[in-house]
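Participant: If you want the building blocks of each chain, they are given just below.
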Amino acid sequence: GAGVSQTPSNKVTEKGKYVELRCDPISGHTALYWYRQSLGQGPEFLIYFQGTGAADDSGLPNDRFFAVRPEGSVSTLKIQRTERGDSAVYLCASSLAAGTAGDTQYFGPGTRLTVL
Amino acid sequence: AQTVTQSQPEMSVQEAETVTLSCTYDTSENNYYLFWYKQPPSRQMILVIRQEAYKQQNATENRFSVNFQKAAKSFSLKISDSQLGDTAMYFCALWNNNDMRFGAGTRLTVKP
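So the protein sequences, as listed, match chains A and B.
According to this note's numbering, the first sequence is numbered sequentially starting from 1.
According to this note's numbering, the second sequence is numbered sequentially starting from 1.
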């Protein structure tokens, strides 16, 4: 597709369960970013990939959060032992190349995660 | 640390009028980029306009323009001839060295 896509659009799970959120970046974009947006707030950075490697994962809140991008395209954000505080919209963005000064990030529609 | 502050949680404007959204930021860097993103109820963040800090000229995109005051670390967004479709959350963002920080957003409502 032409833009960044994310699946599922909504995910409801129970406390303690494991979830995976998927992001398909724009074709040809080497940089991919994950953000978390809590209600009434702006997005907060979680992790970004340059190609297959996580170039910066300093925003991941704890070791329950993990993300992969094995082939340098699709990425999966994985959350173990979910907690109610993990409820938020998880946004993915891609850009042509990280490190290029101010390269514009294009966002997907997000996945709304609700942990009951 | 980089921070972005949007001091107006909500604003409204009449259709066809002009509105200005405020944004201030703090960074110790000299080279950085500033963005305004729009987020409608569909949740998708849409780039409205961007400004390179090294450029003195204010960026303009059709009805959208910015007032970039580097010394004051201010980056306001002016929307002219407001349209109903402009109703959305607007986020100011600061980018430096792959670190993107967003403000808390301003909810803009355009009234008919």
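I should point out that these hints are in silico values taken from the structure, not numbers from a laboratory.
Just so we're clear, the structure is a prediction, and the values are computed from it rather than from any experiment.
One should not assume that every hint holds.
[As the list claims (entries may be wrong)] Stretch by stretch, here's where chain A covers chain B in the computed footprint (C-beta under 8 Å, at least three residues):
(1) 80 to 87
(2) 95 to 101
[Unchecked claim] Subject to a maximum C-alpha distance of 20 Å in a straight line, what follows is the list of computed SDA-like cross-link-like pairs (lysine to any residue):
(3) 78(B) x 14(B)
(4) 11(A) x 55(B)
(5) 11(A) x 21(A)
(6) 11(A) x 14(B)
(7) 55(B) x 104(A)
(8) 78(A) x 20(A)
(9) 11(A) x 44(B)
(10) 55(B) x 103(A)
(11) 78(A) x 103(A)
(12) 11(A) x 42(B)
Beta carbons are placed, not taken as given, at the ideal position from N, Cα and C, and that holds for glycine.
Participant: Hints first: check each against the structure and report whether it holds.
Facilitator: Results of checking the hints against the structure:
Counting residues of the stretch 80 to 87 of chain B whose CB falls under 8 Å from any CB of chain A gives 0; the rule of at least 3 is not met. Counting residues of the stretch 95 to 101 of chain B whose CB falls under 8 Å from any CB of chain A gives 5; the rule of at least 3 is met. Using a Cα cut-off of 20 Å, the hinted pair residue 78(B) and residue 14(B) holds, with the two alpha carbons roughly 14 Å apart. The suggested pairing of residue 11(A) with residue 55(B) is violated, with an alpha-carbon distance near 43 Å, which exceeds 20 Å.
A distance of roughly 9 Å separates the Cα atoms of residue 11(A) and residue 21(A); the hinted pair therefore holds under the 20 Å criterion. Restraint check for residue 11(A) and residue 14(B): the C-alpha separation of about 37 Å exceeds 20 Å, so the hint is violated. Proposed proximity of residue 55(B) and residue 104(A) is supported: the alpha carbons are some 17 Å apart, at most 20 Å. In summary, the hint linking residue 78(A) to residue 20(A) is supported, as the alpha carbons are separated by about 5 Å, within the 20 Å threshold.
Between the alpha carbons of residue 11(A) and residue 44(B) the distance comes to roughly 17 Å, so the proposed pair stays at or under 20 Å and holds. Only pairs whose Cα atoms come within 20 Å are accepted, and residue 55(B) paired with residue 103(A) is accepted, the gap being roughly 16 Å. Pair hint residue 78(A) plus residue 103(A) does not hold up; C-alpha atoms about 26 Å apart against a cutoff of 20 Å. With a C-alpha separation of about 16 Å, the suggested pair residue 11(A) and residue 42(B) falls inside the 20 Å cut-off, and the hint holds.
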